[in-house]
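These protein sequence lines are chains E and Z, in that order. Per our numbering, the first sequence starts with residue 1, numbered consecutively. Per our numbering, the second sequence starts with residue 1001, numbered consecutively.
Think of the hints as simulated: they come from the structure by calculation, not from any bench. C-beta: ideal position from N, C-alpha, C; glycine also. Just so you know, not all the hints are guaranteed correct.
[As the list claims (entries may be wrong)] Pairwise CB distance ranges, derived in the manner of DEER restraints: (1) Z:His1227 with E:Val119: 25 to 35 Å; (2) E:Glu134 with Z:Ala1048: 13 to 23 Å; (3) E:Arg184 with Z:His1026: 23 to 33 Å.
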Amino acid sequence: MASTDEELVARSRTGDLDSFNQLVLRWERPIYALAYRTIGREEDARDVCQETFLRAFRALGGFKGEAKFSSWLYRITLNLCRDWIRRERRQPIAQAPEGVDLIELAGESAPSESIEDLVARKEISAAVARVMAELPEEQRTAILLKEYHGLTFQEIANMQDCPLSTVKTRLYQGLTVLRRQLERSGVSGGFRNHV
Amino acid sequence: MCEKELLVGYLYDDLADGDRATFEAHLRGCAECRDELKELRAVRADLASWSPPQPDFGFRVVRGGRDAAATDVREVMPPPVQSWRAWWTPAAGLAAAAVLVLAAAASLAHVEVHRGPDGITVRTGWSAFASAAPSAAGGSLGGTSPASDTGRDIRLASTSDAEFLAGIERRLDALEASSRDSGLRNASMLSARASDAEIIKRVRDLVAQSETKQQGELALRISQVLHDVDVQRANDLARIQQGFGRIDQSVATEAAAHRDLTNYILANAKQK
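Bound-form chain Z, shown alone:
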């Protein structure tokens, strides 16, 4: 057996005892073989880093066909577990792009939501609130435009929250119903080989309906957030009031104690 075969056998610990002793004796006197063994062990360490993917198997051999006793077999192979990249379809990409555009538009338009005694106001435009603040603080930056000139206010509702929310939900339901109907109509039209122009028009209608629906949902979500904020603010104010009350009480108690102490000191001083 040549040295290289012994080297490989030794490397994989697959040598007969006699061969092992022979090769170990050789190794002690051969620096070249020692170096080569070290290098090959390093290669084995590198090889260990190569691991295959770990798919979800679960396929089993089962009998198939109409005759249960037939030797024919088929496999039951579940679809592989998909990573997030797998469901990243063009439609998902478009939806994400739409969200980004919406977010960018919102930031450019500087959308602000305000709830006052006269209802909910969605304000767009950059100088609306920014210009109002210095004016209120003394008008040192005179000449700023009034909010109503530079921003666009949309008054959503002035009635109670419950009525407002119920109204929006009714509107969303109606939009969803009409969207479903138009979806069915579109399917039948497409199957009837409608012209390209008609298809494009239908698609545009669908997009417009979808946008309307999304706007409605956005308004609903905003109003829900505002409602939550109002409730939280009321709770916070109540807690703050309670805190002030406790502080007032403790201050009054301490003041009385100080007053008593002062009187006592003054009385003692007079006596002396």
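The shape of chain E in the complex, shown without the other chains:
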């Protein structure tokens, strides 16, 4: 039976590197996904992901276990992303492909997905990335943590150091802007019809 995060953290704090590397293996993809969606650059997201685990390992002694380990990792990641954005002095980058590479797409397609659906999905994905990059940081972070990482409103509130109601307001405002911008871009109609 797999160990829980808490068990692995406890063993890691005694210097057990294998346990910590199990945590790395378990959380590297979510952490990378958060970093990528926050700053929009693959290589920099990898660096942030790597640095997150490095910092977490070094700071394990200070981790009190008051929050979940994953929430703690997310917080480190978001701090690093904020540093990256500040250092680069620019907005997050939406890595929207110029064109759609059908050969690459074909490799990503599910057996039941037609090429038209696949192209539409890619277009929507690019539009979402572009619009998300334009959102204020607090709204974007709230949406990312809720939508892709399943944090509760309370966990997001703790992470953003704000009241619960503020988190909900940020989500509502962010989603409303997304809806408006996606409608304006005209790429989401096909998918909306399926909902």
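With chain E's structure known, arrange chain Z on it following the hints.
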């Protein structure tokens, strides 16, 4: 709690039971909230389509430094899996361009390879075989130039295939050896800050050697293909001959049967 907060909570299924019941009751009577909920669900569906790349991670935290007990750590991060675009270097582009040029030149020159009793012939030029065919068929298109006038024939060998192939391979080995030697010499010359003219000359020499080598390899490949074709043709001919033999045999058998039947019918007719 205002409606928008309830709406978001309901959207993410993160409401206390009491709040949920309250909001569902509100939804039943409020078309505006129903529409907004539907729109926000559509936005969530759009958000679901945004997936990050899937890099090959595999980095692990390991202890570093001379002291194994040190708290210092380093990362072992393998290089990302590269797509075909990543190894598409300028050199690869130039090589591809060279292949295209070679292919275009071959098509323009109309290179044809022919193997006859007097050896292998590589023929270039458009009218060579094209003009020979109508002439042989009766010369209705009189005045066509002979093949030797319009094409360029290069006789590669008239000896046996094995000797021919061995000769080409020996030549390729010698070229590779000289190429390696000249490569080393070039490296030392470059490090000695040779002049631009010398470098250009060396590069040209290398290109010329490379071209020679490629020509040799091309000839080798062509001869191998021809050899394979010859073997296959011989096998095909043998099978065709066997087939003809079987057909002849069956035809003769059937003819004999027909003859016997005819004789029998004639004999019966005479008796009647």
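Query raised in the report: Which numbered hints are broken by the structure, listed smallest first?
Result: 1
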